[in-house]
Amino acid sequence: MEEASLKKTVRKTGESPGTLTYVGRSKLKDVLLTFTEYGEESLLTKTWKTRKDFIRFNQRTEHAPISWLNVDGVHKPEVVASVGNTFHLHPLLQEDVVDTEQKPKIDYYDDTIFVVMKMAQFNREKSRLYFEHVSMVLGPGYVLSFQEERDVDIFEPIRTRLQNASGQLRRSGPDFLFYALIDTIVDHYFAVLEQLGDRIEQLELNIIEETDEKATHELYSLKREMILLRRSVWPVREILSKLQRGSNTLLTPELQPFLRDVYDHTIQIIETIETYRDILSGLLDVYLSITSNRMNQIMKVLTIISTIFIPLTFIAGIYGMNFDHMPELHERWAYPAVWGVMIAISVALLIFFQKKRWL
Amino acid sequence: MEEASLKKTVRKTGESPGTLTYVGRSKLKDVLLTFTEYGEESLLTKTWKTRKDFIRFNQRTEHAPISWLNVDGVHKPEVVASVGNTFHLHPLLQEDVVDTEQKPKIDYYDDTIFVVMKMAQFNREKSRLYFEHVSMVLGPGYVLSFQEERDVDIFEPIRTRLQNASGQLRRSGPDFLFYALIDTIVDHYFAVLEQLGDRIEQLELNIIEETDEKATHELYSLKREMILLRRSVWPVREILSKLQRGSNTLLTPELQPFLRDVYDHTIQIIETIETYRDILSGLLDVYLSITSNRMNQIMKVLTIISTIFIPLTFIAGIYGMNFDHMPELHERWAYPAVWGVMIAISVALLIFFQKKRWL
Amino acid sequence: MEEASLKKTVRKTGESPGTLTYVGRSKLKDVLLTFTEYGEESLLTKTWKTRKDFIRFNQRTEHAPISWLNVDGVHKPEVVASVGNTFHLHPLLQEDVVDTEQKPKIDYYDDTIFVVMKMAQFNREKSRLYFEHVSMVLGPGYVLSFQEERDVDIFEPIRTRLQNASGQLRRSGPDFLFYALIDTIVDHYFAVLEQLGDRIEQLELNIIEETDEKATHELYSLKREMILLRRSVWPVREILSKLQRGSNTLLTPELQPFLRDVYDHTIQIIETIETYRDILSGLLDVYLSITSNRMNQIMKVLTIISTIFIPLTFIAGIYGMNFDHMPELHERWAYPAVWGVMIAISVALLIFFQKKRWL
Amino acid sequence: MEEASLKKTVRKTGESPGTLTYVGRSKLKDVLLTFTEYGEESLLTKTWKTRKDFIRFNQRTEHAPISWLNVDGVHKPEVVASVGNTFHLHPLLQEDVVDTEQKPKIDYYDDTIFVVMKMAQFNREKSRLYFEHVSMVLGPGYVLSFQEERDVDIFEPIRTRLQNASGQLRRSGPDFLFYALIDTIVDHYFAVLEQLGDRIEQLELNIIEETDEKATHELYSLKREMILLRRSVWPVREILSKLQRGSNTLLTPELQPFLRDVYDHTIQIIETIETYRDILSGLLDVYLSITSNRMNQIMKVLTIISTIFIPLTFIAGIYGMNFDHMPELHERWAYPAVWGVMIAISVALLIFFQKKRWL
Amino acid sequence: MEEASLKKTVRKTGESPGTLTYVGRSKLKDVLLTFTEYGEESLLTKTWKTRKDFIRFNQRTEHAPISWLNVDGVHKPEVVASVGNTFHLHPLLQEDVVDTEQKPKIDYYDDTIFVVMKMAQFNREKSRLYFEHVSMVLGPGYVLSFQEERDVDIFEPIRTRLQNASGQLRRSGPDFLFYALIDTIVDHYFAVLEQLGDRIEQLELNIIEETDEKATHELYSLKREMILLRRSVWPVREILSKLQRGSNTLLTPELQPFLRDVYDHTIQIIETIETYRDILSGLLDVYLSITSNRMNQIMKVLTIISTIFIPLTFIAGIYGMNFDHMPELHERWAYPAVWGVMIAISVALLIFFQKKRWL
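Residue numbers (the working numbering), protein chains in the order written: chain A, 1 to 359; chain B, 1 to 359; chain C, 1 to 359; chain D, 1 to 359; chain E, 1 to 359.
Check each hint, because a few of them may be wrong.
No copy is singled out in the list; a pair is fine if it fits within one copy or between any two copies.
When the alpha-carbon atoms are kept at most 25 Å apart in a straight line, the in silico SDA-like pairs for lysine to any residue are as follows [to be verified]:
no., residue 1, residue 2
1, K242, P327
2, K355, N206
3, K356, G139
4, K49, L93
5, K105, E218
6, K355, M295
7, K355, A337
8, K214, E194
9, K126, Y263
10, K126, E41
11, K105, Q244
12, K242, E271
13, K355, H217
14, K356, Y130
15, K355, P157
16, K214, I267
17, K126, G173
Keep in mind that the hints were calculated from the coordinates and are not lab data. Since the model is a prediction, treat every value here as computed from it, not as a measurement.
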């Protein structure tokens with residue numbers, strides 16, 4: 001899974017399109033291939049760890065009613081190429097599976113539907129979003145899914161649901177499995193949004209109670225994550241809208257309400273992101289006006305103290321002068337009189353401040 | 001009814017869609033089912049408090065011309081499921097009835113129209129918006145309505161209007177009742193807007209008269225509520241637009257002008273919200289420029305006082321020095337001369353400030 | 001006429017739609033009905049002050065070629081209802097005539113076209129906009145117009161033009177009269193815009209010459225009025241666009257260029273409002289940067305004076321100390337030397353400020 | 001030519017549409033009519049200065065292959081009316097020729113195409129835009145052009161090109177002349193944009209080098225002119241788009257690539273304006289942050305000097321007190337000790353400032 | 001290659017369209033013509049340096065299956081004209097080849113497709129974008145490409161790929177070469193974006209760690225480059241969308257997925273630019289709030305020091321006065337008492353600051 005970063009948009013300029021180059025961080029882990037064959041009555045799961053194994057598996061796929069091949073780890077282009085060639089996937093499709101910088105999109109090829117999505121995860125400690133590049137292919141009788149990393153298997157709940165022989169997943173075709181994969185990814189965004197919402201509510205309290213520089217960084221980083229999140233969800237809306245509208249033999253009409261449902265969820269996610277962005281903008285305004293308000297208060301204190309004591313100190317300075325001829329110095333009433341003048345000045349200034357509402 | 005909060009967008013990732021889980025705050029109150037049967041000549045109302053009663057009612061619904069079943073409290077999924085199964089509602093529809101985080105939307109099912117809306121209420125003391133999740137189903141000959149809580153019965157005025165045997169409600173079909181329910185919810189937004197408008201006008205006065213930190217919080221909280229309000233009204237526009245355009249046998253042509261009317265109201269509400277947001281942005285600008293203006297005034301006072309007295313105090317300091325050989329100290333005219341210099345400096349500075357328009 | 005206020009959006013929640021309730025400020029004045037019958041050769045004008053008279057007039061309307069009934073003052077719902085029933089107007093139409101909060105809109109009913117508009121007026125002394133709710137109905141052979149108040153008769157110029165037997169108004173059908181009424185209201189916006197433009201140009205000068213807190217209030221209030229103005233003009237564009245596109249037997253093809261003309265005017269008004277808003281935003285930026293610039297200047301003066309004199313005062317303080325053993329005090333050259341050091345410090349600081357471009 | 005001002009949007013409310021009233025500044029200059037007749041083989045130019053002459057010319061227009069009548073100065077409505085009646089122009093078209101506040105637009109009349117545009121010119125000394133109202137009519141075999149003032153003849157280059165007998169202008173129909181007039185006006189915007197671009201680049205340098213109040217005014221005035229410029233160019237886009245799409249017998253298919261070309265230029269102008277506006281917004285941000293940065297620096301200097309010397313001056317003050325019993329005063333080591341303390345305090349504070357990165 | 005500048009939008013007003021004038025910076029270098037003829041089996045490359053040579057080449061083009069003529073350096077209009085006439089290019093097309101200010105666009109001529117694009121390059125040292133004007137023509141059996149400068153040959157990778165006899169480039173028609181040229185330019189944007197992303201991440205760190213004036217300039221300059229970049233990429237989207245939709249005999253159906261691929265890349269580039277702009281806006285907000293926060297801290301230090309010592313200095317001043325009758329001066333306990341009062345004041349003020357959270 002990759003930390004949401006700005007600069008990993010590199011592409012190899014001038015290279016022939018369709019060349020498979022892994023763009024993400026190079027990883028040393030093995031590829032894990034999970035193959036599931038299921039129908040209303042049967043369920044069979046196998047896993048391979050190396051490419052060699054996979055080649056053997058190639059000779060066996062034909063007989064199962066619905067096949068689902070999940071490829072965990074796309075950092076070995078040769079494995080992707082090998083799967084791709086088995087299922088006759090277009091070179092550009094294979095390129096998009098490996099290009100972890102590819103934004104979410106849907107492509108219709110002759111007999112397959114290809115969807116790229118981003119799986120979002122929020123790391124609370126680092127306060128950072130991580131995205132995982134997930135590609136899915138729906139073909140006649142089979143579904144392929146490619147995940148970037150295999151630490152977390154995001155499709156585990158679907159495997160669990162497949163155990164349930166009477167579940168809709170077992171009774172429906174590959175298009176329903178395809179939908180279930182998309183739905184799982186979309187649902188993950190809700191979890192991320194909830195965590196971000198938590199952070200925003202915390203930040204709200206922090207900013208109103210005590211305004212320090214950390215709040216600014218938190219605000220900025222939340223805004224930034226929101227921008228990156230929106231960028232990964234926004235195209236999903238179009239993917240689902242195209243899936244709904246497009247009349248394709250791969251998609252059964254019974255799937256329509258489910259596609260509409262996940263489409264609605266996407267809209268809800270997008271609107272929540274927009275709402276959060278608006279609220280974060282509002283928070284920035286609050287922050288700035290609280291800061292400038294505090295500055296005002298600090299300045300008031302400084303001004304009140306300075307304005308009162310500076311003239312008084314001046315008067316004291318006058319009578320500290322060592323001139324030989326200062327008649328006031330020798331009068332009995334002079335010292336109390338000076339005190340009187342000083343108090344009068346202080347009171348006058350305090351009344352002035354009162355009028356200005358500075359006290 | 002729920003306080004408008006940011007973080008309640010949780011969904012159970014990976015769960016099979018169509019599973020009924022109540023997402024709102026769990027409540028201990030009983031469910032209240034209100035059943036109304038009416039025609040041009042008859043009107044019959046019954047209420048049940050438990051699910052058992054409701055099952056008995058199931059055997060009786062067939063004969064009435066128009067049936068309206070209002071379910072108060074959706075926190076018991078089993079009741080919703082029981083009603084849903086009686087009327088053969090789609091599992092996704094039932095899920096949306098229970099999911100209080102579902103945004104407003106319209107769905108067409110085979111023989112029913114399903115509308116989700118949010119009932120808004122403004123708590124003046126807490127200065128917070130509350131939203132209630134309301135779902136409505138229009139089927140052949142019946143209307144179902146689901147409310148989140150039953151403290152306030154928002155559909156009471158409609159029951160009162162049903163008493164009037166010659167009213168349009170009694171003379172029309174279930175689609176008119178369906179419209180009347182939607183219209184009631186839309187009209188509630190006007191009341192909320194009026195209260196928010198009141199707050200904004202009060203805030204306008206507060207900000208211009210005395211600018212304290214509280215105004216910032218009020219501004220922010222009004223902006224925030226406005227964002228949440230817009231989010232709940234915006235989809236209503238599309239719901240009504242779809243109801244108007246969609247040619248559906250459930251909706252009679254006579255309903256058209258009424259749908260247009262409630263659509264116009266929605267537009268008016270949305271525009272008022274936008275207007276309020278613009279005005280609140282303007283208020284923030286006023287607040288910030290008033291704050292910076294006051295800072296300027298404070299600084300002017302400090303600068304004037306400091307700038308006049310600091311040089312004078314310096315002069316006094318000079319002649320307070322204890323050097324043995326300071327010839328000026330022994331001159332008769334020295335003391336008055338120093339006073340003269342001091343007054344000259346003050347006058348010069350005052351003229352300088354006058355020119356700078358600081359006085 | 002009503003002052004543009006934020007909070008008058010109240011609606012009677014849950015009431016049966018089509019109920020006539022006057023929402024504006026209740027007025028004690030009488031209703032004034034002005035009835036005009038005209039054709040190419042004849043022109044007849046009558047006025048009634050009470051409802052009783054109006055009922056008598058009902059029996060006479062049939063024979064005139066073109067009838068125009070102007071109802072001044074919509075605060076008596078029973079009069080509107082009585083007119084409405086005579087001309088068989090839809091209950092929702094009647095409701096919109098009386099509801100002074102209804103935003104501008106166009107509705108097509110079976111044999112009538114109904115237009116709601118807002119007549120704008122600018123009160124220079126209060127610097128506030130006032131809107132008057134005006135409704136117009138075009139039916140076969142007749143035009144009805146409803147105004148909110150009768151102090152100012154905005155349609156007077158049209159009556160004057162009707163005197164001219166050879167004018168286009170007399171030679172054309174009721175649709176041309178309908179257009180002339182709309183055109184009059186749209187033209188009024190130009191006058192309001194001119195007055196607002198005057199204010200903005202004045203404000204430009206004020207802000208650049210002397211920046212005080214009043215300018216902020218003026219800026220805010222102009223922005224606010226602009227928002228309210230836009231809100232009342234924006235829907236007019238759609239009204240006219242619908243009138244142009246809609247092929248309706250009530251509208252003759254000869255009217256097309258005139259409708260296009262008034263549509264162009266509306267666009268021009270909207271664009272001017274947007275331009276004014278942009279300019280006001282620019283002015284706010286100028287205001288804020290001028291304010292912060294002035295602050296800078298004030299701070300510079302304070303800093304220069306303080307920075308020069310504080311060290312000098314410290315030196316004077318040193319030699320004002322009363323220690324028994326301060327050898328410098330007894331040297332002849334000490335006093336002039338101290339003066340020398342002080343002047344050197346001042347010059348050094350002045351050079352420093354010069355380099356910093358603070359002088 | 002008129003200075004771009006805000007308030008000249010006056011219209012005569014309630015007047016009959018089609019009345020010719022000159023809205024611009026009344027001018028005393030004569031009207032100048034320039035009549036050009038040309039074909040592939042012939043070219044004939046005549047000018048009249050008074051209306052009487054023009055009437056004589058009316059009897060002569062029929063025989064020339066292509067006629068171009070240019071009316072310089074539209075401040076005499078009677079001349080426009082006279083030309084208008086000769087060519088049977090619609091009264092609303094004539095009104096728009098005279099109304100110098102009319103925004104750019106295109107109107108199709110039965111056998112003519114009518115285009116209104118604004119000719120932009122930039123006065124470098126005043127740093128202000130000037131707009132000239134130009135109207136053009138394309139009819140069967142003739143082109144009419146109306147300019148507001150005749151000091152500068154903007155169409156002179158076209159007359160020069162007409163001299164070239166083998167030029168495309170001479171070989172094409174009146175639609176090509178019509179296009180050439182529009183193209184000339186659009187090209188003028190490029191010149192204006194170049195001058196504005198120059199100003200912006202200058203302003204960039206000024207703001208980064210020395211930030212004074214003048215830069216704010218310049219920024220504001222450039223923003224303002226940009227708003228006015230955009231307002232005059234924006235509708236041109238639609239004019240040209242309509243000309244391209246509309247299939248009209250007046251426009252030959254050969255003109256299409258040329259219309260597309262001038263349309264592209266308009267898009268380019270609009271985008272440049274938007275780019276300039278974005279850059280100006282960026283400049284304002286730079287300006288504000290530079291200002292606040294400088295304030296910070298000023299405050300730092302003040303704070304460092306004050307914070308160091310205020311405590312020192314206090315210590316000096318202590319030992320300047322005249323109490324009879326101050327044992328320290330009589331110690332030999334006291335004076336150097338005080339100096340030691342003072343230096344220690346200064347050094348401690350300097351280290352503190354160093355840590356805070358204020359030095 | 002040209003530095004991205006604001007003011008080079010000059011056009012020669014009133015000139016006949018179709019006149020070839022080079023608008024870019026005049027260059028003294030020679031033109032370089034590279035001619036490539038290739039088919040599945042053959043590949044032939046020739047270069048000419050002068051126009052004379054080119055004329056000789058004209059007599060040879062007919063026999064090769066696919067011809068690609070690359071013209072490096074468009075500053076010699078006569079060469080462009082000579083190529084243009086050989087291939088019968090429309091005069092407006094030739095004008096756009098030479099006009100380096102022409103924005104990206106696509107034009108369909110009778111038997112050619114003409115595309116203008118901007119090649120972006122980022123100079124890290126100057127932190128500036130450079131754009132190169134590139135035009136491409138696809139005709140039956142040939143492709144023409146025109147580059148502004150010949151220091152860097154951006155199409156070199158394509159020549160390398162042409163060496164590979166089994167590559168798709170060699171096996172496909174001229175439309176694939178045309179696509180490959182476009183793809184190369186679009187891919188270059190990714191490299192530029194990566195460098196800009198680097199700069200932004202660096203800036204993020206800089207701003208959060210130490211906020212100096214340079215960061216503002218960097219921020220502004222990145223924003224500016226982003227605006228210019230967007231302006232050059234935005235129209236590319238439309239070019240590719242038109243290429244995809246337009247059914248043209250020059251484009252084979254096999255090209256469709258490749259066009260879709262490069263279209264997706266363009267979308268991705270545009271979205272990255274928008275994301276960067278949003279992030280830069282966020283950074284500016286951080287910068288401003290950090291600045292104002294630092295100001296607050298500076299003011300706090302000044303206020304604390306001043307507020308504590310100013311009253312103390314005043315007290316010291318009081319007892320430095322030289323009045324004859326100041327009874328306190330002669331008391332034994334007076335000096336320690338004054339110290340006590342001073343310490344009490346300091347402690348009280350420190351507690352006050354503690355409460356205000358300034359410490």
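Results of checking the hints against the structure:
no. : hint        : in the structure
1   : K242 - P327 : neither (99 Å within a copy, 94 Å between copies)
2   : K355 - N206 : between (34 Å within a copy, 18 Å between copies)
3   : K356 - G139 : neither (77 Å within a copy, 64 Å between copies)
4   : K49 - L93   : within (23 Å within a copy, 42 Å between copies)
5   : K105 - E218 : neither (31 Å within a copy, 34 Å between copies)
6   : K355 - M295 : both (20 Å within a copy, 16 Å between copies)
7   : K355 - A337 : neither (27 Å within a copy, 35 Å between copies)
8   : K214 - E194 : within (22 Å within a copy, 29 Å between copies)
9   : K126 - Y263 : neither (31 Å within a copy, 35 Å between copies)
10  : K126 - E41  : neither (46 Å within a copy, 58 Å between copies)
11  : K105 - Q244 : both (14 Å within a copy, 17 Å between copies)
12  : K242 - E271 : both (19 Å within a copy, 20 Å between copies)
13  : K355 - H217 : between (39 Å within a copy, 21 Å between copies)
14  : K356 - Y130 : neither (53 Å within a copy, 35 Å between copies)
15  : K355 - P157 : neither (69 Å within a copy, 54 Å between copies)
16  : K214 - I267 : neither (32 Å within a copy, 35 Å between copies)
17  : K126 - G173 : neither (41 Å within a copy, 52 Å between copies)
Figure legend: structure checked against the earlier numbered hints; hints not met, in rising order: 1, 3, 5, 7, 9, 10, 14, 15, 16 and 17.
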